[in-house]
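Participant: Given the structure of chain A, go ahead and fit chain B onto it with the hints provided.
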Amino acid sequence: MRIQLNGDWHEVTAADLASALAALGYGQAHVSTALNGEFVAVQARARTPLRDGDRVEVLAPMQGG
Amino acid sequence: MQLYDAVLDSRLLLGTARYPSPAVLEASVRASGAQVVTVSLRRESSGERAGQGFWNLIRGLEVRVLPNTAGCHSVKEALTTAHMAREVFGTPWLKLEVIGEDDTLQPDVFGLVEAARILCAEGFQVFPYTTEDLVVAERLLEAGCRVLMPWGAPIGSGRGLNNLLGLRAMRAHFPGVPLIIDAGLGLPSQAAQALELGFDAVLVNTAVAQARDPVAMARAFAQAVEAGAAARAAGPIEARDFAVPSTPVIGTAFRG
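Chains as they are written, first to last, in this note's numbering: chain A, 49 to 113; chain B, 915 to 1170.
Since the hints were derived computationally from the structure, they do not count as laboratory data.
Beta-carbon label-pair distances, calculated as ranges:
| # | chain 1 | residue 1 | chain 2 | residue 2 | range |
| --- | --- | --- | --- | --- | --- |
| 1 | B | Asp1017 | A | Ala71 | 39 to 47 Å |
| 2 | A | Gly101 | B | Leu975 | 37 to 45 Å |
| 3 | A | Arg103 | B | Val1049 | 35 to 43 Å |
In silico lysine to any residue, SDA-like type, Cα no more than 25 Å apart, as pairs:
| # | chain 1 | residue 1 | chain 2 | residue 2 |
| --- | --- | --- | --- | --- |
| 4 | B | Lys990 | B | Val1049 |
| 5 | B | Lys990 | A | Trp57 |
| 6 | B | Lys990 | A | Pro97 |
Note that the structure is a prediction, hence the values are computed from the model and not measured. A virtual CB, placed ideally from N, CA and C, is assigned to each residue, including glycine.
Extracted from the complex, chain A is given alone in its bound form:
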């Protein structure tokens, strides 16, 4: 299936958010996630299923004012 991660489309076989993040190179990364605009906590990623067309945001600390 195809999911949109940070605005870019990716083909993934992973069935849940945690597996998809690992497959796309975010293993061990200190990031926070949202699925279709809703926050998904670290502990909930493995039990959060993905569906074709899902939008995932992966955010990390950045400079801010």
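Facilitator: Frame of chain A, contents of chain B only:
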């Protein structure tokens, strides 16, 4: 100065954006003496991992972080960003921004109050980026905010305190509430003025980060804030419209 559960010595809060390099950012934070720095969240590339390096730098500074919701234009975006920030930064503190207008980056005060009410109920310690509007301030306090952050002028404009009368009224109306001037300061003298008016602290970013020498400017802001707070504590005189002789007039020669 007490902000929620934190007792702080420094009345200068510093933003971490727009510095010429990470090294200059680090040196500027140290020169400022700031004990609180603002941070944000952005999309992370799996290849670059830019956020990890930044986070390591900030942790090394041993300061409190105040995550913002910059760039959020709706309550929904702000709420999601707030939850993501709490997880990543491990703090209930949140600089809540809900932007309503792109040219001035003026807060959407209706969305701000709505988001603040939800987030305070969820245990966030909210620092709302607001205007000097007294009614909005009252609503934010009712929502559970214990600190207010009115703008001095539009973000990054360097204009100083645009609405002196409004800000003075706000200070007078909420004597017990920590008030932090957030946004629009360009010069240390403007920061000193804010403290002289009785504001508890200032939050500065662009004025330091974009100065020719950010480290020296950070130090200058620290000195100005200290001077302004000392002046406020010392009890400034009231302004008058006419002269009052400073030299005693009794016994003046050639009179009478």
